[in-house]
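Each chain is listed here by its residues.
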Amino acid sequence: MVTGNVGETDKARTGLTYQCLNGQSRGREMSTFPTTPCTGGIFTTQHFPA
Amino acid sequence: MFNTKNTNGFLNSPACPSSHPVRVPQVAYETVWDTTKFNALWKSGQPNPYVWSFEGKADGSGTHADYLFGWKGDSLQRAMDKSECFYDGCGAITKQQMSVANQCQIPVTVKEETDGCEYFFEEGKGVAEC
Numbered sequence: 001m002v003t004g005n006v007g008e009t010d011k012a013r014t015g016l017t018y019q020c021l022n023g024q025s026r027g028r029e030m031s032t033f034p035t036t037p038c039t040g041g042i043f044t045t046q047h048f049p050a
Numbered sequence: 001m002f003n004t005k006n007t008n009g010f011l012n013s014p015a016c017p018s019s020h021p022v023r024v025p026q027v028a029y030e031t032v033w034d035t036t037k038f039n040a041l042w043k044s045g046q047p048n049p050y051v052w053s054f055e056g057k058a059d060g061s062g063t064h065a066d067y068l069f070g071w072k073g074d075s076l077q078r079a080m081d082k083s084e085c086f087y088d089g090c091g092a093i094t095k096q097q098m099s100v101a102n103q104c105q106i107p108v109t110v111k112e113e114t115d116g117c118e119y120f121f122e123e124g125k126g127v128a129e130c
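Quick note, the sequences are listed as chains A and B, same order.
If you number the first sequence the way the working numbering does, the last residue is 50 and the count never jumps.
If you number the second sequence the way the working numbering does, the last residue is 130 and the count never jumps.
Some hints here could point you the wrong way.
[Claimed, not checked] Below, a sample of chain A positions facing chain B; criterion: calculated Cβ distance under 7 angstroms: (1) N22; (2) G23; (3) S25; (4) G27; (5) M30; (6) F33; (7) T39; (8) F43; (9) T44; (10) Q46; (11) F48.
Hints listed in this document are in silico derivations from the structure and should not be mistaken for laboratory results.
Using N, Cα and C, we set each Cβ at its ideal position, and we do this for glycine too.
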């Protein structure tokens, strides 16, 4: 089961989203890695098929 | 289902096109990556220090998981036949409460130390030693 392409490093995939956690609150869904520090961790969602 | 092509949001599954008559389930993984122990590693204004580790590349861009499941009787087929599954529920199909599901236990079969890792920094990088 694969979402996205492991050979690609510069393209966002809609089957994989990120949310930046600050404390208990989740930020908006993003298609790429968070660009600001996430003091509560990083929340990822993968859908398959995507 | 989660539409990852157009709306990037949840919608009721439409009828399958005649060219693809077999409906299959869609799987969603939600993972919380506990990077809080490395908060000192990423200061505001600095670039993201984290990468996915996969395929042996230093800037690996993949992640991997395996999914095992069992469906009682014909429940999966019934879930696919009628478009009423939404995230963690499938309409009329009986859903087990998490408090009940969490009582299910099996003996540990892979004896591996996974707790008690110590984290420290080495040359500006986060390192874990277990």
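Against the structure, the hints:
1. N22: 11 angstroms, violated
2. G23: Because about 10 angstroms separates A:G23 from the closest Cβ in chain B, which is outside the 7 angstroms limit, the hint is violated.
3. S25: At about 13 angstroms, which exceeds the 7 angstroms cut-off, the nearest Cβ of chain B leaves the hint on A:S25 violated.
4. G27: Interface hint status for A:G27: violated (13 angstroms vs cutoff 7 angstroms).
5. M30: 11 angstroms, violated
6. F33: 5 angstroms, holds
7. T39: 5 angstroms, holds
8. F43: 5 angstroms, holds
9. T44: Cβ of A:T44 sits 5 angstroms from chain B, so the hint holds.
10. Q46: Since the shortest Cβ distance to chain B is 4 angstroms, the answer is holds.
11. F48: Hint holds; A:F48 Cβ to chain B Cβ min 5 angstroms, cut 7 angstroms.
When the structure is compared with the earlier hints, violations turn up for hints 1, 2, 3, 4 and 5 and for no others.
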